[in-house]
Amino acid sequence: MAINKLTITLFLLISLAVFHCLAFRVEVQEFEPPQQEGQEGPGGGGSGEGWDEETTKNPYHFGQWSFKNFFQSKDGFVKMLPKFTKRSSTLFRGIENYRFLTQEMEPNTFLVPHHLDADYVFVVLQGKGVIGFVTDKANDSFQITKGDVVKVPSSVTHFYANTNDTVPLRLAKIAVPSNIPGHFQVFFPARSQFHQSYFTAFSKDVLTASFNIPEELLGRLIGPQQQMGQGIIRRISPDQIKELTEHATSSSNKHKDKKDKHKDKGSSTFGSPFNLLAQDAIYSNDFGRYREANPKRFSQLRDLGIAVGWVNMTQGSLFLPQYNSETTFVTFVENGCARYEMASPYTFQGDQQQPWFGPGQEEEVEEEMSGQVHKIVTRVCKGEVFILPAGHPFAVLSQDKNYVAVGFGIHASNNTRTFLAGQDNMLSNLDTVATRLSFGVGGKMAEKLFTSQNYSHFAPTTPSHQFPEKPKPSFQSIFNLAGF
Amino acid sequence: MAINKLTITLFLLISLAVFHCLAFRVEVQEFEPPQQEGQEGPGGGGSGEGWDEETTKNPYHFGQWSFKNFFQSKDGFVKMLPKFTKRSSTLFRGIENYRFLTQEMEPNTFLVPHHLDADYVFVVLQGKGVIGFVTDKANDSFQITKGDVVKVPSSVTHFYANTNDTVPLRLAKIAVPSNIPGHFQVFFPARSQFHQSYFTAFSKDVLTASFNIPEELLGRLIGPQQQMGQGIIRRISPDQIKELTEHATSSSNKHKDKKDKHKDKGSSTFGSPFNLLAQDAIYSNDFGRYREANPKRFSQLRDLGIAVGWVNMTQGSLFLPQYNSETTFVTFVENGCARYEMASPYTFQGDQQQPWFGPGQEEEVEEEMSGQVHKIVTRVCKGEVFILPAGHPFAVLSQDKNYVAVGFGIHASNNTRTFLAGQDNMLSNLDTVATRLSFGVGGKMAEKLFTSQNYSHFAPTTPSHQFPEKPKPSFQSIFNLAGF
Amino acid sequence: MAINKLTITLFLLISLAVFHCLAFRVEVQEFEPPQQEGQEGPGGGGSGEGWDEETTKNPYHFGQWSFKNFFQSKDGFVKMLPKFTKRSSTLFRGIENYRFLTQEMEPNTFLVPHHLDADYVFVVLQGKGVIGFVTDKANDSFQITKGDVVKVPSSVTHFYANTNDTVPLRLAKIAVPSNIPGHFQVFFPARSQFHQSYFTAFSKDVLTASFNIPEELLGRLIGPQQQMGQGIIRRISPDQIKELTEHATSSSNKHKDKKDKHKDKGSSTFGSPFNLLAQDAIYSNDFGRYREANPKRFSQLRDLGIAVGWVNMTQGSLFLPQYNSETTFVTFVENGCARYEMASPYTFQGDQQQPWFGPGQEEEVEEEMSGQVHKIVTRVCKGEVFILPAGHPFAVLSQDKNYVAVGFGIHASNNTRTFLAGQDNMLSNLDTVATRLSFGVGGKMAEKLFTSQNYSHFAPTTPSHQFPEKPKPSFQSIFNLAGF
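Residue numbers (UniProt numbering), protein chains in the order written: chain F, 1 to 484; chain B, 1 to 484; chain Z, 1 to 484.
Okay, chain F solo, but in the shape it has when bound (with noise of 0.2 Å):
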């Protein structure tokens, strides 16, 4: 028995071995790997234009093929990513309770009515439409457009409609589930093709009693036989479509009918959409514009700690190395493609590969300081998703016109950003003396290095920045207009 224990115990040594080789590997590497600059991969899913995807695999980046259908029919889908988690159960154990998903409605569509445990935030990235929120005491509906934000606040029924003739309703969110961390479920009242009616679980007796409605009528409530074969999104008509915008509350006048919400509703109920894309850009030059609705400015937000980012680019354009000082942000490519780089000192070993862990098993933390520096270098195209945790410096590097991305900022009640370069960049504060003792410049060569730049947070780079053997012409010190 003494060998056989030895036997099981060297067995699972062994297999945690290989599958720890197994692995994803992050691409580290020292300074000056000129020649692999160019091989950033693809964003999957053929997204991308073919380049070698191995360098790429690294945890932060989801490609579309990342995404689970949550719900999918011709007239739209709810897509989700797994729990942050299963890609890796540690760098991603501060964020494990917070969930991405998509959802697109075709035009003259509407979405059930339905609850989640879970709140959510979510923005919408194109189209127009209406939400309707339903509790025992009120009914509110309210138009969006895109750029707007909406907290809908767990267990709070509500509907979608995409109003439109033409264009998709499409949103991205990020849930906050209220029963099991990392996992919500969606609640019916009504059924539908593949969706069973929470009243299927009462009983007859039950529902006879509560509706006070003879036993003939409980197959409208639960199954009509007429919706049996539509799914959760369904086509509706124009007219229909006009009573609900009618009765929606707009942008303009969204603050209207607030003062019939009854008082016990407390601090719980729901608030109007705010379009982020109507702030003033927190960052703004002719290269990228950055907005931003967090905690601080949007009470709304508060509760759950959630910030919204809304940032566009030009060709070409460089959103400067930077960092966010407790916020993790999910970002979502919703045009284009950019270059992610990102400085990591963290090693990961997916576990993937070892099913029988779970997502509760923690992988082992390199405890020591290496000291090195891993170089995550993503190609992140539309439809993909890529993390960015508090702490890791980063740069985007737009490549591709009109580069567009939304990103929900978690943790996000006391964020700073700090940027690295750019005329507001932190080093450029750093004393002399520590300067020099740093970087072992002088104040002269100091300032060369770090005042350079006269643009703020976004910069114009060379349109062969994928070539970067070719040598560029420092045609930006010519101009002198930075956009704060």
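Be a bit skeptical, because a hint or two may be false.
Since copy identity is lost for identical chains, a pair holds within one copy or between any two.
To be verified - Under the rule of at most 20 Å between Cα atoms (straight-line distance), these lysine to aspartate or glutamate pairs were calculated in the EDC-like manner:
| hint | residue 1 | residue 2 |
| --- | --- | --- |
| 1 | K204 | E216 |
| 2 | K448 | E216 |
| 3 | K444 | E243 |
| 4 | K382 | D400 |
| 5 | K444 | D239 |
| 6 | K137 | E447 |
| 7 | K444 | E215 |
| 8 | K444 | E216 |
| 9 | K448 | E215 |
| 10 | K146 | D280 |
| 11 | K128 | D165 |
| 12 | K68 | E96 |
The set of hints was computed from the structure by calculation and includes no laboratory data.
Since this is a predicted model, take the numbers as computed values, not measurements.
Chains B and Z: place on chain F using the hints.
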């Protein structure tokens, strides 16, 4: 060795699969199974009436046999449910740090001073007594009676007395551990039959120096012979009861000596009890009453985010289908039996059969939205517990006269309750067009379905509800008095 | 296959059992073992005096050998304790996200600018120096000296200098990671001998565009030759010290240039240091002094809920038996040795022998109230750490002159301290009747037991306390000056 690795992998996977097969099966069924509706099982422990237990095996129900004795003697007991995550490490991860207890003391008994490394809230189910708090600054005793709710802060030394001659003093408690999530222990300054004094841990020289007493007296402090035979709950004399009662603040003058609290005790000062039954009911009519103390209205409950509910229902009444937005209620039946019906989209795979995975191990959660609703039907009787997770629609059907239950609400700071039937039901607030789109019924039929029930919150049902084959007279419609 | 399954199950169970047997054994003993009382072990690392180490093996004590080097050179070091949950995944789950570190810098040295993905609080144990904070908005340097407490917010770039000619600058720190519970890393803008610059992660084209500098200058930024040989702690000249010191705000005028903080830095702005030793002591008499900075009194400590305590005791003094209500203290001995005695009802089963279960795996906790009190007796010396969990009664007996220790309190927002002996002891406030019922002694004896000690908080003991067989003269009673 490659073969060995393969083999071991295979073995692990097979073991996993087998144990998944052994796991609990929740009753999942399509609607229209009237012949099965009567199959609620007994609450176990002999409290039921002999129905088939198997069909109600579900993770949300804890029979009396689930409780473990924390302490038991002829003079009383303290019992505790296992950590909820022992039943399901996934379903109950959100309430992992909460423990449910009951305590019973015979007439004329005393529970010796002790403290826990946990905050807790209790409600008096029955009887009259005294709770005494002792700190290094002061000494506050309060008379407690049925319906009183008290918060006992972590590590405050306190004792109980049942001051009544005939009636047991019975409490239900929810504890929130301070040191180890989901675990706490009890600390006693004085020794009793089965419990050591914590002074036992100090060496003789520390004790003599601390108390400045000769060594001979140490025995009186930590192990006096005359106390050896007594448990932590022990008989007391009428004189002792009189003295304890006289020192205690009664409800009528409970705010008196609050002024001699020293200022540096700050916000952790324990408050006086408040009586839940003396509050106005939130919902009340001829068929039932629901009272609730929640964090919004009672500042004592604020830091723990705990609510306490108390429901009374007449025989054959129905607490109408509803759900809580953010709060999970741990309900404890104080009198009678009720049938709980609940809708859950979650699949449950119990891990009690997987002892080596332990409570820290998360079982896999079904990621896809299956669209299926699991029907949880359980008969819950006196002394049993049922968990009502946030967002899950449920109804309660009382089956005995004077059904009484208390509930501890977890994450209760911003909860709202949504009724799905009755005069205030959420569905009656749905737009006409949304109703048609969702339920496939027009305005007239919708009105019939959603507004026929004139009662709110509680409604009558027929006495024959357990035999739903028998046609039920719709006599309810002749009543027109909503009891809100 | 059935046999295989059985076999593997058996193997797993056996392995588990064996490893449980290998696990740490905590000393559990009934009272009255005077011959063992002197057996406290050395703190390890040669700091003790040769007592038997085995009996003090307990999870709460971390010797010097427990620290891992985060960085070390001839000019200083940063050392860190492993995650507490590596010692016991159950006992320390509540403090899993906290890490303890010490830092030492030789005279006239500089620790290069860096940031962590963690908030931290430090206290200066010895020496004088400067801490400089650099953001993209400003640059604030503060002079620090023994007793200063400083909060460094997550991701703020900062540097240190030891500005003294002769005395090392020594700090104790507690860190609260932002990204991964219990783990953090360090990020350096500039390269040093063993540590890469985070700019290393950016490609050449991004760097040249970001800084708007020619490629030739990049080397100066991320890897200048002249810095290669230097560690992160490096020698600096008197002139450099003078310059750094001049820029730094000293304690006397530390609130000056606070006004040029930009408004959008908001509440995460770092505050100035405050000196703990300049505060009035909370407890003080001839035998000891205890000072504490807690979240209630220092707003900087509020968001982390951290308290910092500092105790001084004369040789042979006793910090009287007491417990904290909600706070777990991580204490670090700065000078001398003390015997810690602590009562714990918890059983400890170390899981260091179970490497593949990892720190995420919870060992089983004994669920029943065993009634036993585990006696934790440990000699803790300079450079060692002892954990005092919430609710656990403990006493500290100084064994060398000038015993000094600091403590970081976790979950300290609402803590109260309850003394079990001394003039303010909790037991002396117990009702006469409750005292008789609990301790079986009448009023006269209770008075003798609980009010003979006229000192509060700190009391003298005999020099022979290590040999408790020798009768101790009760000379304390002749003093009548309580030092409160």
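Tested hints:
1. K204 with E216: within (10 Å within a copy, 74 Å between copies)
2. K448 with E216: For K448 and E216, the Cα distance is within 20 Å only across copies (12 Å; inside one copy 84 Å).
3. K444 with E243: between (69 Å within a copy, 17 Å between copies)
4. K382 with D400: within (11 Å within a copy, 61 Å between copies)
5. K444 with D239: Between. Shortest inter-copy distance 19 Å satisfies the 20 Å Cα cut-off; intra-copy 71 Å does not.
6. K137 with E447: between (63 Å within a copy, 17 Å between copies)
7. K444 with E215: Result: close only across copies, 17 Å inter versus 88 Å intra.
8. K444 with E216: between (88 Å within a copy, 16 Å between copies)
9. K448 with E215: Classified as between; 13 Å across copies, 83 Å inside a copy.
10. K146 with D280: within (16 Å within a copy, 47 Å between copies)
11. K128 with D165: within (10 Å within a copy, 69 Å between copies)
12. K68 with E96: Only inside one copy: K68 and E96 sit 17 Å apart there, 28 Å across copies, limit 20 Å.
When held up to the earlier numbered hints, the structure conflicts with none and fits them all.
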